[in-house]
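One letter stands for each residue in the lines below.
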Amino acid sequence: MSDDGLTALSKRVRFLERELRYSHEARVRLEDLNERNQLIRSRSNDELNQKNAELEAALERLVRAQVQLVQSEKMASLGQLVASVAHELNTPLGAIRASAGSVRDLVVESVTRLPTVLARLEPGRREACNELIRHGLASSGTPPTSREERRLRRQLQQELEEAGVDRPDDAAKVLVELGVPTLQPSHLDLLRSPLAGEILRLTQDVVAVYRSSENIRFAADRAAKMVFALKSFVHPGGADGEHSEGAITEHLDTVLTLYRAQIRNGVELVRDYQDDGVVWGRHDQLNQVWTNLLHNALQAMEGGGHLTLCVRAPDDRTVQVDVTDSGPGIPPAVQPRVFEPFFTTKAVGEGSGLGLSICLDIVTGHGGSLTFETRPGRTTFSVVLPRSAVGAPRP
Amino acid sequence: MSGKPSIVLVDDERIIVDSLRLQIRRLRGELEVECAGSVSEAWELLEELHADGSTVLVVISDWLMPVTRGDAFLDELKSKFPGIKRVLLTGQADEEALRRVRDRDLVDLMLHKPWSEQDIRDVMALVPPCDGP
Chain A
1 MSDDGLTALS KRVRFLEREL RYSHEARVRL EDLNERNQLI RSRSNDELNQ KNAELEAALE
61 RLVRAQVQLV QSEKMASLGQ LVASVAHELN TPLGAIRASA GSVRDLVVES VTRLPTVLAR
121 LEPGRREACN ELIRHGLASS GTPPTSREER RLRRQLQQEL EEAGVDRPDD AAKVLVELGV
181 PTLQPSHLDL LRSPLAGEIL RLTQDVVAVY RSSENIRFAA DRAAKMVFAL KSFVHPGGAD
241 GEHSEGAITE HLDTVLTLYR AQIRNGVELV RDYQDDGVVW GRHDQLNQVW TNLLHNALQA
301 MEGGGHLTLC VRAPDDRTVQ VDVTDSGPGI PPAVQPRVFE PFFTTKAVGE GSGLGLSICL
361 DIVTGHGGSL TFETRPGRTT FSVVLPRSAV GAPRP
Chain B
1001 MSGKPSIVLV DDERIIVDSL RLQIRRLRGE LEVECAGSVS EAWELLEELH ADGSTVLVVI
1061 SDWLMPVTRG DAFLDELKSK FPGIKRVLLT GQADEEALRR VRDRDLVDLM LHKPWSEQDI
1121 RDVMALVPPC DGP
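Those protein sequence lines, which keep their order, are chains A and B. Here the working numbering is used: position 294 in the first sequence is 294, and no number is missing along the way. Counting from 1 along the second sequence, just add 1000 to a position and that's the residue number in the working numbering.
Hints in this document: simulated from the structure, not taken from any laboratory. Please note that the accuracy of each hint is not assured.
What the hints assert, rightly or not - One side only, chain B facing chain A, incomplete, derived with CB under 7 Å:
hint, residue
1, 1013
2, 1016
3, 1018
4, 1019
5, 1022
6, 1031
7, 1035
8, 1036
9, 1037
10, 1040
11, 1057
12, 1091
13, 1113
14, 1114
15, 1117
Using N, Cα and C, we set each Cβ at its ideal position, and we do this for glycine too.
Construct the entire structure; sequences and hints are all you get.
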């Protein structure tokens, strides 16, 4: 090889060496860059992930807070329900307890005394006494008003006085209680007996036993009706949280039964049911709507007024429920905010401001609408529902 | 009408009036028990008994009645007939409202549904025993 050839070769080698070095350095730099790039990428991924997790947690907290608020709204209306139901159960329970005590004592007294007194009576008077007891058992009791009762008593007392009966006031009182409208000669004869006082007391006691038992039965029926209403309020369509076919009128009546204590106080109720209002939907949720609208209406009429519940079918595919109260109306400034969540005109602790907003959610969830019309003396909330809720699972 | 001292019951619930009336009659036979189904009827009754010269010892009124509530009625009774003992019968668990009644010294006794026989004895203890005929 010539010198020239060698020189050229060594040049070439040096060049290649340099190239190799450069390319190695470049590779190292590239690897380094790559590494750094990866580091940056993974780090930003981590940060993104972290931010994402934080946001998700925040959203979860919000959802949980909303569920809690809806739940607390439910608990608040449950509180009102419990107060109303407690009152409506305590009333028949009071009557049952008192009447049961009376029956126990009166039975003991009258069962032992009655045969003895009857045995001492002349046969004719004994028959008159039996007839008086039978009369008392058949009659419906004291007159409906104390006014009427006192009028009858005065009238009988006068007649008894004229007939020369001893202690006419006491006799008149018992006779009115037994439901004797006019005096028969047999009554007068019986009342002239020396045993008259004893007989009247016994007759009164025997009849009181009977009427107390009737009172207990009536009171127990009322309590049972209340418990039934409570059950159908909570499970209106059988299983929880399921769609079912149900008549809105029936559910409205259930709500009215449960809130009887509140409705009685000076509120005149009109049930204008022109249609059964059978719809397919979540009746447990719809019950919440009826309860809320009813409660608001009653609250708007502190001290009394007119409450009208109208159920009708504007066409064969929809049902409309109107709840109308005779309260002062919703002020114009308040009207646009009525369905706004957390908006309330009630005192702190009296309302969460979620009631109507939840109602709106429930009704729109059923593919329906919730609107209102208001002026002083007349406010109507209207719920329009399709007979078959949109998107609802149907068997 | 009969000149006997009386106790007046005011309640629109027939089952309450009937059971309470019998219970009182059994415990205190010497007293007359008069009943009114509403506050307006109660006023009528009280005026009539007053005109008859009959003494009303106690008025037992239900809290929750149509038109006028029991506490408002007893408030008016306090000013019109201060000598009559006032008892409020209630099935309500509304503590706040009950506290207001107590604070205003509106009633001599509060009777909670469902009441016991001892509760009625306590009401009767407000009235000194009278010599029955």
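Check each numbered hint from earlier against the structure, then list the numbers of those it violates in ascending order. 6, 10, 11
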